[in-house]
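Chemist: For what it's worth, the working numbering labels the leading residue of the sequence shown as 8, then goes sequentially.
Rather than coming from a laboratory, the hints here were simulated on the basis of the structure. Backbone N, C-alpha and C define an ideal beta-carbon position, used for all residues, glycine too.
The following label-pair restraints were derived from C-beta to C-beta distances: (1) GLU514 to GLY334: 49 to 59 Å; (2) ASP295 to SER99: 50 to 60 Å; (3) ARG214 to PRO395: 56 to 66 Å.
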Amino acid sequence: MHHNVSAPPLSTPARRTLPWPILLLLGVIAVAISVTGSWIPSLWGDEAASIMSAQRDWGSLWAMLGTVDAVHGLYYAFLHLWIDVFGASPFSVRLPSALAVGGAAILLARFATLLAGRGVGIVAALLFATVPRVTYYGTETRAYAFTMLLVIWLLFVLVRLVARRETRVLPWVGFAALFALSSVVFIYTVLFVVVFAIIVLMMRPGRKVVLRAAVWSALGGILAVPVLIYAYLEREQVAYLHSRDGLTMSALFETPWFSQQLPALIGWGLILVGLVLAILARVRRGSDAAWSVRLRALYRPEDPALPGVLTVAIPWLVVPSVLLALGTAVTPLYSPRYLAFTAPAIALLMAVGLVAVTRLLRARWLIPILVVAVMLGSLPTYLGQRTPYPRNGGVDWNTLSETVAAHAKPGESIIFDQTAINARKPRLAKYLYPEAFEGLKDVGLKTRFDQTDGLWDKAYSTSETIKRLDGAQTVWLVRAGERFSTDRAKSDAYVTELEAAGYTATETHDLHRSILVRYELTR
8 MHHNVSAPPL STPARRTLPW PILLLLGVIA VAISVTGSWI PSLWGDEAAS
58 IMSAQRDWGS LWAMLGTVDA VHGLYYAFLH LWIDVFGASP FSVRLPSALA
108 VGGAAILLAR FATLLAGRGV GIVAALLFAT VPRVTYYGTE TRAYAFTMLL
158 VIWLLFVLVR LVARRETRVL PWVGFAALFA LSSVVFIYTV LFVVVFAIIV
208 LMMRPGRKVV LRAAVWSALG GILAVPVLIY AYLEREQVAY LHSRDGLTMS
258 ALFETPWFSQ QLPALIGWGL ILVGLVLAIL ARVRRGSDAA WSVRLRALYR
308 PEDPALPGVL TVAIPWLVVP SVLLALGTAV TPLYSPRYLA FTAPAIALLM
358 AVGLVAVTRL LRARWLIPIL VVAVMLGSLP TYLGQRTPYP RNGGVDWNTL
408 SETVAAHAKP GESIIFDQTA INARKPRLAK YLYPEAFEGL KDVGLKTRFD
458 QTDGLWDKAY STSETIKRLD GAQTVWLVRA GERFSTDRAK SDAYVTELEA
508 AGYTATETHD LHRSILVRYE LTR
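With the hints as extra help, turn the sequences into a complete structure.
Modeler: Right, here's the structure in full:
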């Protein structure tokens, strides 16, 4: 390690920057890809947690965060303000994630251009915008898209500070604050302390800069400690979210980024090609062969203060994945969705592989053709994400709500089956698509969610619910489908008790997963 290194200016020649019109165009493309069709899929359980939490008053939200979901508190607060202004339609509540994807694409383009040139910057942004998990998170009312944006920003800031041998306090304070913010938005961002360490040490900036980076990284992590403590105390509330299928090859190499096999094969193929060519370029680093010179220029920037693109991208991708996988041996930590913040690294490595091939072949004209080919590989997955029922086993609350609105009349009673897990209970449709249920009497509701310190409603038992009908002439029963109900006997009890109380089924709507039945009092 060098111990006496001056603070050189960070050179950014034209080929290491992108004009703002191009950056903005890349951002617009990324937003357009994510936002298109975002209103089509049914809202589902995770989004219900976000939307319902955001619609609480501030006092109710604070009370809830004291028992569950403190780790999402900042996002819920943001969404509360967003809904106040723009409403809670599916398009509206998903739009912030699409905008975050656009911002992430712009930052990734800038960062990748700095490290590896304009070609890699543009390609990385385009591939990022079409990585299947990115197009999924860009249409979800959760904070994952924001974590991608924040992590790109963090690494960009860190690399520039270290490359400049920055000694001023204020820029490092900004870095620490950004790290703390990122860790509050998503607690596993603290794992990037290890990523930071690897990148900084590989940059060899001198002992003083290494120490400075270590101190400010640690401070940023410490600032997030209160949320980490809450997360630990509330861990049992969300233990079910962790990977149920174990650390399978699919859970490790396909689901976190690609969702399906074809885009995974294309993605990992490009990454493998890029790594092989990097090894060849390194083996032939003393060679004057034109192909070797072209590849070395890709993998190593002219400015010696900057790290190579692989020095950043490989730790970014590998370290969080490995740490979560290893941690799962002790306590449940690993879930493919938690690796959202590594999706930009996947896109960056794919871009490097793609551009490396065109440099080796001296065929720059191949770049747009290969980019389009990679995008087409993800197209079936993308289109599948924008069907009405792609999430959580086929949740169909959009269709359920439309059917209720078309057939039920104000003043009639409605009963929601309680036998599904909380995140699949059909009553959630009432809060996600409220217009459809206006004027209906929810006789099974005991305590509304926003009157509790938990995420969900409290409901009466089946027998209590039937008694509360109090002679209602028309009752609608919303049953969870076969795949959703965790206890069919209890689900069937609604039918049995309604019939015992004198009700007869007169109309049935078999939906994608839900069943809507109309009952009339006949005696």
